[in-house]
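Could you put the whole structure together from the sequences, leaning on the hints where they help?
Chains as they are written, first to last, in the UniProt record's numbering: chain A, 1 to 315; chain B, 1 to 325.
Since the hints were derived computationally from the structure, they do not count as laboratory data.
Per the computed footprint, the stretches of chain B lying under chain A, defined by three or more beta-carbons under 8 Å from a beta-carbon of chain A, are: (1) 79 to 93; (2) 115 to 124; (3) 226 to 237; (4) 251 to 263.
Now the stretches of chain A that chain B is said to cover, found in silico as 3 or more residues with beta-carbon under 8 Å: (5) 85 to 97; (6) 112 to 123; (7) 215 to 222; (8) 232 to 241.
Ideal placement from N, C-alpha and C gives every residue a C-beta, glycine not left out.
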Amino acid sequence: MVGWAIALHGGAGDIPIDLPDERRIPRETALRNCLDLGVSALKSGKHPLDVTELVVRELENHPDFNAGKGSVLTAQGTVEMEASIMDGKTKRCGAVSGLTTVVNPISVARLVMEKTPHIYLGFDGAEAFARAHGVETVESSHFITPENIARLKQAKEFNRVQLDYTAPTPKLPEVSGDSQIGTVGCVAVDSAGNLASATSTGGYVNKMVGRIGDTPVIGAGTYANHLCAVSATGKGEYIIRATVAREVAALMEYKGLSLTEAAAYAVEQSGPRGCCGLVAVSANGEVAMPYNTTGMFRACATEDGYTEIAIWPKN
Amino acid sequence: MGKWAIAVHGGAGIDPNLPVERQEQAKQLLTRCLNLGVAALRSNVSAIDVVELVVRELETDPLFNSGRGSALTENGTVEMEASIMDGTKRRCGAVSGITTVKNPISLARLVMDKSPHSYLAFSGAEEFARKQGVETVDNDYFVTEDNVGMLKLAKEANSILFDYRVPLIGCAGAAVNDSPLQMNGLPISIYAPETVGCVVVDREGRCAAGTSTGGLMNKMMGRIGDSPLIGAGTYASELCGVSCTGEGEAIIRSTLARDVSAVMEYKGVGLQEAVDYVIKHRLDEGFAGLIAVSNKGEVVCGFNSNGMFRGCATEDGFMEVAMWE
Numbered sequence: 001m002v003g004w005a006i007a008l009h010g011g012a013g014d015i016p017i018d019l020p021d022e023r024r025i026p027r028e029t030a031l032r033n034c035l036d037l038g039v040s041a042l043k044s045g046k047h048p049l050d051v052t053e054l055v056v057r058e059l060e061n062h063p064d065f066n067a068g069k070g071s072v073l074t075a076q077g078t079v080e081m082e083a084s085i086m087d088g089k090t091k092r093c094g095a096v097s098g099l100t101t102v103v104n105p106i107s108v109a110r111l112v113m114e115k116t117p118h119i120y121l122g123f124d125g126a127e128a129f130a131r132a133h134g135v136e137t138v139e140s141s142h143f144i145t146p147e148n149i150a151r152l153k154q155a156k157e158f159n160r161v162q163l164d165y166t167a168p169t170p171k172l173p174e175v176s177g178d179s180q181i182g183t184v185g186c187v188a189v190d191s192a193g194n195l196a197s198a199t200s201t202g203g204y205v206n207k208m209v210g211r212i213g214d215t216p217v218i219g220a221g222t223y224a225n226h227l228c229a230v231s232a233t234g235k236g237e238y239i240i241r242a243t244v245a246r247e248v249a250a251l252m253e254y255k256g257l258s259l260t261e262a263a264a265y266a267v268e269q270s271g272p273r274g275c276c277g278l279v280a281v282s283a284n285g286e287v288a289m290p291y292n293t294t295g296m297f298r299a300c301a302t303e304d305g306y307t308e309i310a311i312w313p314k315n
Numbered sequence: 001m002g003k004w005a006i007a008v009h010g011g012a013g014i015d016p017n018l019p020v021e022r023q024e025q026a027k028q029l030l031t032r033c034l035n036l037g038v039a040a041l042r043s044n045v046s047a048i049d050v051v052e053l054v055v056r057e058l059e060t061d062p063l064f065n066s067g068r069g070s071a072l073t074e075n076g077t078v079e080m081e082a083s084i085m086d087g088t089k090r091r092c093g094a095v096s097g098i099t100t101v102k103n104p105i106s107l108a109r110l111v112m113d114k115s116p117h118s119y120l121a122f123s124g125a126e127e128f129a130r131k132q133g134v135e136t137v138d139n140d141y142f143v144t145e146d147n148v149g150m151l152k153l154a155k156e157a158n159s160i161l162f163d164y165r166v167p168l169i170g171c172a173g174a175a176v177n178d179s180p181l182q183m184n185g186l187p188i189s190i191y192a193p194e195t196v197g198c199v200v201v202d203r204e205g206r207c208a209a210g211t212s213t214g215g216l217m218n219k220m221m222g223r224i225g226d227s228p229l230i231g232a233g234t235y236a237s238e239l240c241g242v243s244c245t246g247e248g249e250a251i252i253r254s255t256l257a258r259d260v261s262a263v264m265e266y267k268g269v270g271l272q273e274a275v276d277y278v279i280k281h282r283l284d285e286g287f288a289g290l291i292a293v294s295n296k297g298e299v300v301c302g303f304n305s306n307g308m309f310r311g312c313a314t315e316d317g318f319m320e321v322a323m324w325e
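Below is the structure:
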């Protein structure tokens with residue numbers, strides 16, 4: 001019998017080291033609260049699917065992360081949210097894209113997994129499905145924050161797609177990969193070795209309407225099997241082509257690497273510096289949180305007492 | 001200079017009682033598409049261009065489940081999806097929820113080449129298509145009489161039907177009795193995906209892959225399958241190009257296309273062994289098939305379903321079009 005473990009993230013990106021307190025502290029507090037929530041749930045014997053869903057719901061509800069409320073805006077100033085969830089033991093999964101009124105996209109992803117013979121629903125079809133199942137919906141304006149309106153304006157001024165966090169001090173467009181707080185995710189394993197992964201996002205600032213990123217693509221942003229559970233974050237286009245989440249598991253499976261080695265390698269080979277990060281847990285209760293960006297909002301805990309809440313490298 | 005190789009497919013899982021004329025039509029279409037690709041390869045067209053032109057041909061012909069002849073949603077409309085990948089730099093493009101674009105594979109290519117993204121869907125994809133000036137038609141262009149009939153049968157059976165064109169005279173009732181084989185919980189006479197795909201390696205050793213489909217008959221609006229998902233239905237790397245077809249959910253769960261390449265990369269085995277391995281060990285209870293080429297000029301088809309519409313050819317002169325084992 002191994003111990004439980006949990007890891008969660010609030011996005012990897014060029015998060016400036018001089019992030020002002022009023023932006024840093026609320027996010028750190030949120031990470032801590034979500035970690036506590038997840039740990040309590042694991043301690044009370046909840047299945048990792050339930051644990052990851054409830055942690056991601058909490059992150060979606062928090063306006064400072066790029067998921068649910070606080071999602072970044074499309075080129076048209078609207079919100080299009082996507083999410084996916086996967087169960088390691090059975091490899092069942094669910095995903096949604098193009099949600100505009102659903103308060104918690106991750107829960108709709110779970111419903112797709114459990115209540116339909118399909119894996120992935122998008123746009124109008126996904127919204128209709130959500131309504132048919134009575135999930136909570138609101139006016140789209142609920143999700144839009146002043147911060148994100150400002151980010152969109154900035155992005156349009158630079159006339160390019162950017163990830164959703166930009167340092168207040170002006171940077172030359174070609175220098176900054178653009179910091180982001182984008183995407184939230186959670187992975188968990190219980191003492192019986194059940195694994196699950198859940199990821200949710202609003203996508204890229206100024207993205208084209210209809211743009212789908214890595215988050216709802218099983219194998220890219222989310223993956224879980226009997227060995228590990230992985231949730232990735234960063235530049236979606238790189239994560240898709242490198243099938244980052246699946247990569248961690250494939251390296252463990254086919255090359256016999258440990259979780260730490262596999263996770264580090266997957267991030268490394270995903271693309272140039274600044275393109276991604278991930279959180280992962282293994283069936284043995286290990287945790288890994290590698291990233292090749294300036295920072296990644298992250299937190300983890302294991303049954304033997306290890307806890308970490310961090311944004312940048314530890315030193 | 002290496003040798004080229006090409007494979008095409010028109011779906012995994014075939015009714016053993018499939019009428020002979022349909023078998024013939026399928027073989028003719030596969031042969032025609034294969035020859036198109038071969039001619040292009042002989043004139044040194046690049047792998048990615050060959051994949052696109054061959055899949056366009058498969059989409060345009062109403063026989064298989066892509067482009068014209070696509071399976072219908074629960075509302076009787078067509079929603080198509082496709083993806084394409086260039087192994088050289090692992091660039092990729094994908095589209096879903098396409099309703100007016102004549103050739104979804106070409107739109108996927110434009111997403112790859114002309115947009116800052118990898119995957120566009122529904123109205124956003126259609127808007128992009130208009131801006132790019134691609135050929136568009138009304139949704140009923142894609143709808144065939146055969147499929148209207150099949151949708152009706154599916155609704156009567158009140159179950160999801162994968163695309164299958166049994167002549168309306170031979171109704172599903174009779175077919176069900178004749179075919180004890182099942183795919184996705186349904187008798188194989190009323191389920192056959194007939195997604196299309198093509199994989200190519202050119203003389204430069206560049207691999208590419210593409211897949212296109214209308215999806216499941218009577219599917220929910222907005223349902224996305226494996227075909228547009230990079231790593232599931234389509235994948236290409238420096239080592240190989242792969243296109244899958246079959247039970248979409250099984251292909252997604254097993255990231256089938258990606259796994260062929262991963263097994264080659266991380267276990268250091270060749271294409272045949274990698275394909276055999278993933279078909280045998282990755283599909284669990286799912287039924288699917290795939291075609292694959294390697295940068296060494298090899299071509300392999302693998303499937304655990306009852307047959308797969310396929311064709312392959314190599315520069316050495318090998319050419320084969322087949323349906324069964």
